[in-house]
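S.K.: Listed below are the residues making up each chain.
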Amino acid sequence: GAGVSQSPSNKVTEKGKDVELRCDPISGHTALYWYRQSLGQGLEFLIYFQGNSAPDKSGLPSDRFSAERTGGSVSTLTIQRTQQEDSAVYLCASRDMRGATDTQYFGPGTRLTVL
Amino acid sequence: GQSLEQPSEVTAVEGAIVQINCTYQTSGFYGLSWYQQHDGGAPTFLSYNALDGLEETGRFSSFLSRSDSYGYLLLQELQMKDSASYFCAVRHGGATNKLIFGTGTLLAVQP
Chain A
1 GAGVSQSPSN KVTEKGKDVE LRCDPISGHT ALYWYRQSLG QGLEFLIYFQ GNSAPDKSGL
61 PSDRFSAERT GGSVSTLTIQ RTQQEDSAVY LCASRDMRGA TDTQYFGPGT RLTVL
Chain B
1 GQSLEQPSEV TAVEGAIVQI NCTYQTSGFY GLSWYQQHDG GAPTFLSYNA LDGLEETGRF
61 SSFLSRSDSY GYLLLQELQM KDSASYFCAV RHGGATNKLI FGTGTLLAVQ P
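Residue numbers (this note's numbering), protein chains in the order written: chain A, 1 to 115; chain B, 1 to 111.
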């Protein structure tokens, strides 16, 4: 079976532009997470989806960041008016809520560079 | 606040045993996970401890002491391919089960 996929793998944009990052979770996984990883740092939680709703958005750093999920599957993270400090790797993870496992399965990430 | 502390770097030789420690201070705690991340790759799950004690999975073991807010990852019979970053992460629990990650330990395995 396919794992979590993300696109694009790399994105270079100019300061002030909007970007959209896409995540395709593992089929059947209802829980979806977005994290951000700055160079040499750990992963920083951004937002959590259960189905199409986002009960925890506490990690979004500003109102320039938003995310949605449709059909209980694909999710899009949107960053408006990008700033240089937004440069990071954005990672998506999904989890199967049906079992007892804690495991989150991560995608390869999108490396965002804001010039 | 929430914090997890782990050593930034560890160096060991092939065939050796290495222990990576993690201490945590978080507002919620359901368990401690460990993830491995090779340079440029996705984090991959290694182990999870919800209860005190040792969990063993092949060459890797993980330990948790909830009373001490402390855990460690033990890697035995080190191989060159084990060179990677290792992150401890607290499962926060509640409605989200989000993970709160440490800053990672870079393990360098030398011949």
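Hints are computed from structural coordinates only; laboratory data are not their basis.
It is possible that some hints are incorrect.
[As the list claims (entries may be wrong)] The calculated SDA-like cross-link candidates involving lysine to any residue, where the alpha carbons are at most 20 Å apart (straight line), are:
{"hint": "1", "chain 1": "A", "residue 1": "Lys57", "chain 2": "B", "residue 2": "Gln2"}
{"hint": "2", "chain 1": "A", "residue 1": "Lys57", "chain 2": "B", "residue 2": "Leu51"}
{"hint": "3", "chain 1": "B", "residue 1": "Lys81", "chain 2": "A", "residue 2": "Pro108"}
{"hint": "4", "chain 1": "A", "residue 1": "Lys11", "chain 2": "B", "residue 2": "Gly40"}
{"hint": "5", "chain 1": "A", "residue 1": "Lys11", "chain 2": "B", "residue 2": "Asp39"}
{"hint": "6", "chain 1": "A", "residue 1": "Lys57", "chain 2": "B", "residue 2": "Gly93"}
{"hint": "7", "chain 1": "A", "residue 1": "Lys57", "chain 2": "B", "residue 2": "Gly28"}
{"hint": "8", "chain 1": "B", "residue 1": "Lys81", "chain 2": "B", "residue 2": "Gly58"}
{"hint": "9", "chain 1": "A", "residue 1": "Lys57", "chain 2": "A", "residue 2": "Gly71"}
[As the list claims (entries may be wrong)] Which chain A residues stay away from chain B? Per the calculated CB distances, all over 12 Å, these:
{"hint": "10", "residue": "Thr13"}
{"hint": "11", "residue": "Gly72"}
{"hint": "12", "residue": "Gln84"}
{"hint": "13", "residue": "Arg111"}
{"hint": "14", "residue": "Thr113"}
Glycine is no exception: its CB is placed at the ideal position from the N, C-alpha and C atoms.
S.K.: Decide, hint by hint, whether the structure agrees.
M.R.: Each hint, compared with the structure:
no., hint, in the structure
1, Lys57/A / Gln2/B, "holds (17 Å)"
2, Lys57/A / Leu51/B, "violated (28 Å)"
3, Lys81/B / Pro108/A, "holds (19 Å)"
4, Lys11/A / Gly40/B, "holds (15 Å)"
5, Lys11/A / Asp39/B, "holds (18 Å)"
6, Lys57/A / Gly93/B, "holds (15 Å)"
7, Lys57/A / Gly28/B, "holds (17 Å)"
8, Lys81/B / Gly58/B, "holds (15 Å)"
9, Lys57/A / Gly71/A, "holds (19 Å)"
10, Thr13, "holds (20 Å)"
11, Gly72, "holds (16 Å)"
12, Gln84, "holds (21 Å)"
13, Arg111, "violated (9 Å)"
14, Thr113, "holds (14 Å)"
Consistency with the previously given hints fails for numbers 2, 13, ordered from lowest to highest.
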